[in-house]
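Make the complex out of the two chains shown on their own, each in a separate frame, by following the hints.
Residue numbers (numbering that gives the first Met the number 0), protein chains in the order written: chain L, 0 to 376; chain Z, 0 to 370.
Do not rely on the hints blindly, as some may be mistaken.
Stated by the list, open to error - Keeping only pairs whose Cα atoms sit at most 25 Å apart, straight-line, the calculated DMTMM-like set for lysine to aspartate or glutamate is:
(1) Z:246 with Z:354
(2) Z:99 with L:53
(3) Z:99 with L:50
(4) L:102 with Z:67
(5) Z:246 with L:245
(6) L:52 with Z:164
(7) Z:213 with L:218
(8) L:52 with Z:89
(9) Z:364 with L:218
(10) Z:101 with L:50
(11) L:212 with Z:354
(12) L:187 with Z:196
(13) L:217 with Z:360
(14) Z:199 with L:23
(15) Z:101 with L:53
(16) Z:194 with L:88
(17) Z:364 with L:4
(18) L:52 with Z:87
(19) L:212 with Z:67
(20) Z:199 with L:218
(21) Z:358 with L:218
(22) L:52 with Z:189
(23) Z:213 with L:88
(24) L:237 with Z:23
(25) L:276 with L:141
(26) Z:194 with L:50
(27) L:212 with Z:360
(28) L:187 with Z:89
(29) L:249 with Z:100
(30) L:187 with Z:87
(31) Z:199 with L:96
(32) Z:364 with L:363
(33) Z:99 with L:49
(34) L:52 with Z:67
(35) L:52 with Z:251
(36) L:52 with Z:100
(37) Z:364 with L:293
(38) L:237 with Z:360
FYI, nobody ran anything at the bench for these hints, they're computed from the structure.
Listed below are the residues making up each chain.
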Amino acid sequence: MKIVDFPHRLSVTCRAGNIRDLMEYEGYKFTETMLFGLSNGLSFAYLLPEETKETVDFAMISGVTHNQFEELASSLRMHYASCIPTDSELVWEHIKELLQEGKPVFLDVVLSLYLKYLDKPGLPGSSETPHTASNDFVSTWDRMFSQLQTPAGTHVTMLIGIDEIENQAYIVENNLSRIQTVPLDVLKYACNPAMTVTNHPQNRYGVYYLPTKFPNIKEATKNAIYANMHSFLYTSRKYNGINAIERLAKQMPNWLELMPREQVSITMGMMFYISEKASGGGFYRRLYAGFLREAAHLLGEDRLEEISKDYYKLSNMWRELNKQLAKGADFPESILNSTDLKVSINNIAAEERRIAECLLSLAETWRMGNESFISMD
Amino acid sequence: MILSQYPHRLSISCRSGSLRDVLEYHGFPFSEAMIFGLASALSFAYVRPSPTSMNTEFVLINGSIHFDYHEISSLLRLHYSNYFPRNDSDAWEIARQAIKDKQPVLLSTSLPIYLPYLKTSQVPSSISTPKSENQQRFIEQSQQIFSRLRTPVGNHITQLIGYDEDKNEAYILENNISIVQTIPLSVLTESRNPKIECIKSPNNEMMIFYPPQKMPSLNFAINTAIYRMVHSFLYSSYPSSGWKAIKNLKDDFPHWPELMSNDKLQNSLFMMHYLSETTGGGGFYRKLYSRFLFEAAKILGDTVLLECSTEYREIATMWRQVTNLCMNGALQPEKTTRNPELLELLNILVIREYDLARKLEAHIKLGKEND
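The following block holds chain Z by itself, in its conformation from the complex (with noise of 0.2 Å):
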């Protein structure tokens, strides 16, 4: 059984990539880009090295903390039904009567788990799209950082179009691969609650979306969104996020070598690279949120969200430049975190995203300050 006629495209992230074919199967056809904007994703996560905190390797330094479809959710009044099934067998029969419903299912798994299994061609069932490049690349330079790490990472999002229980099938879209997947059911149940220790085990958690019958307006969405974002980028109080956290990487950067092992200090200055460039579009969803801001722009016939997709593209070349010198030099990571020009960008970034943030909270004023 699998779902027919599924819209896929190659995507940026796998978390609105998903959902932005989640969104078209269901008949609203949104961009990438767009379905990041307003979910308010762009942010920043840093969280500072420490040695009683977590079973990290790495350092975790992100360009979105917020994507977990609740504001996007919220904001397009869409239905989404969170599961976390107690057991494997529960959590594979909510999705086996989801396909059955004909309704795809986005499976939280670790990617490291079944990516031997994933493959670009020659695949039953499969469907192309029209962008085909980068496909093994994507593969190849995950595997290169999986296997830095002891401990697989779970924070990845599959979708669930269908399966085969005789032939121990499952047939899963990848963000980055443009042809559906065939992988063992047995690992894809695996992936998603791994017996093994797990950076952010996936716990079988699962999501089912409903579309509304009527989009609430798409002006207003893109206005709230923006205005969401820039509030938060700017005001959180959770710990290492936002404005706050890119300032404490600044400061902490050129300490790195008194704070961590000389291991995990490479980890995290590959996974920096990684994670702007492999997973996050180019400098940290920053190039994302340019074009969702352009996209923005051309609807609302608003040309100060013009200039700002054009700062924000300036910003990720200037974050593509950072974690490039990191991954080039990473191998001697003393050096590197001490790099004068690495350090003078870092500072500049500092100020450019702030006052970027500054000017849209300016632009878009939802009411009064005072009320």
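Only chain L is shown next, with the shape it has when bound in the complex (with noise of 0.2 Å):
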């Protein structure tokens, strides 16, 4: 069973991208800029290894919310059903029955378990997308996988189709213009393998239902706006937010004194993969840039596109960053103690604190109250 004629495209991020298609294929035109902006998905992470209760060989360091499914289902008034079963053969039962009724299934996935097994020409079932694929994703991918000890589990697949008897799933990769044909049993293992992975899949999965109805996409932009710049400023959590990237800029000259030098050097390059490779270009910057682009013209809004340009400018900043450490990772040392560096990353705390501020100003000024909190009992 497979749902034919599935709209894909290629897309920066498997989650607004995987998002987008479905969109599509629901009969909803969304860009993937769009629906990052809508989920809330602008942010800021930073752990060092001993910080997570993961098993991880590097910092973490992310660009992005860990929860866009379920905050742009708030937005646009979808339902996001997800689950973490307990009983691994129900699961695909559940799954079976969900393609039946023409609803395609996100995936929690370990791409490095069945990397090998794409991109491969010729495949049955496969569809072209306007767009040119990206033709070293599998190979930088691969180098990058090749560095960690332990896999990284932090990938969303969209399944359109399987056939038990061929032992074939049909699957959408954000970074891949063809429908992509893996074996069932590899799919299977990649969604709930049986060894330590960095935030493991355990057989997660997810469905959108849409609404009959969609709310108003106008108000549905201020209110995400104001809700990504209020949780990036005002999160009590050092781990995330413009606290996240603040605590990055005092520490990262002292890395060495906090990490292992392996775990430095794989942090280093790990920054410039996931900024670049995974996340469109300066940690999402460029893409939320994007999404502000769309929303002042939606919105008739000419400070919005100032501030766009401020984040692209950011994105490039961050850029520049993450390249002189990937080139520097075999000798974090002369690297990390760069006057340099030190500027570079001051500088981008700064800005991140100055743009959201002018965002979050410009949000509340479309609100009908910015008072603050009124306690209740």
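And the structure:
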């Protein structure tokens, strides 16, 4: 069984990109950037290996929040049904039922476990998208995964069909233009591998139920900008938002005192991969700039256009920093001690705060009241 | 180790009540009704009986489907860590570390597993809340209903606020009981991940909340939450949910005897009352939502919300009549499912629920319809 004529385009992120495809399949055209913005996705996370409960070989650094599916569901009044089942056999029975109902299923997976089956030419049932695939996707990720002792399970793929007799699964990968055919047993294993994995997928899967009528998109856009910036600036967690970036700026020059040398090297390399290969450049800042540009047009708000440009510049600042780090990953001492690096990361942190404050204060002018919290009891 | 000065009050729902306590602990005192309303939690769920579906022994009917903490976390910008540890020892380690970090932990549990250990008085380190009535009744009613079921239910939320590993004790807070409960740690572990078959297994799920340094605007949050509730109630395509679920219930109800076994039918009639009156605060949470609208009306100075509050209270009373008739007639299910008074009430409820949701939708407009 397979969903036919599934619309698929290349995208920057596996989450917003796959949701974009799903929305088009259901008859609604959104851009990936708009969905990323509406999912309140922009943030920052920074945890040293000892600060996380995960088994991990490097400092976890990312430019997004962890719950984009739920946030987007809330913004657009969709129902996101996700499940971590206890019985792995029942999972696939349920997934089959969903596919039979014509529902594509989001699967949390360990990409490295099926990477070698991807991008093979001449596979049955493949369809080409208008864009060209990024040819180096498989080799780039293979190179990156080879540096890690513990595989990472933070990827999301979209399942659109299975053939149990032929042992085939049909999946949509955001970085590859064709529908991919991978062995079903390999995919099942990638959903719940019997090994230690950073962010273990545990057979987690999810399905969206779209409303019969969407809420007001202009209001949803304004709400999302406000909500996203509020969390970024006012989170009480030191591992997230602006707190994380400012902590990173302070700690980065001292990483060799905080982590073993090998972990520092991997972290420096991973920052480049995560920023440039998995998040569209500059830890998703470029993608968010795109969202703000669309929002400016939608809302007729010129100031958003200006802030969009600021985020674009910010993404370039991150890109430059990440390039430097990747280049010096084998000799971390010299680069981490350099004045240039300290200046760069401090400038980035200052700009992150300035731009977010500017955007939040604009968003507050749209709201019906910006009074502070009132005690309720 | 126990979190000291932990604020706990009796509450209607284990989900909204627990979060109310957590937020007050962090310095943000809300009422339970406000938490429930801000979570856009009011809805309706009616999972149609099907011979092939699930392992349930009753038809699931509830007044809320959305209270999974995502909605309110999104609205109040709470950072919400949701864990599904892969084994019991990881599950305990995360919870233990959180308590050490002075963070209360919300645990998914199967209540029937530790229900016999719950007491209402004379427990060490207990704190009392102003209200204390109905607590024994809650335990008795729960025991009564659970004794009818072969498969325990696993979708309860309890708050872990302390432990003593040497004494094998866990200190938890139950929304229906005012004092801190001491239960064996090993029993709590079992209830978090029962080895037996369980409806909606808790799977060791746990939640920790980190409120922001500053809450977003409450006025705006209230309006948005009402809009979101109404929108999902009227326009969700999620099966068996919202207004269409009430209509399906009304259409199916007289045919229940043809759709399920007598045992399942009796259980369903009892469970309707239990979920509406014992766990749903009266009228499938409509009374609680009425209270939220009353508070919202006061804060916003909005008389239409006040009218809607009154109407939800009336609707709650009608649901109470329905579920009382169901419980009282549960042992004569054939007659009860054809009871003209009950069928008439369901007919009126379908209309009133729709009209009231539409009234709220028209009142709380966020932007123009065609934007």
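- Query: What hint numbers does the structure not satisfy?
  - Reply: Hints 5, 14, 17, 20, 23, 26, 35 and 38 contradicted; others consistent.
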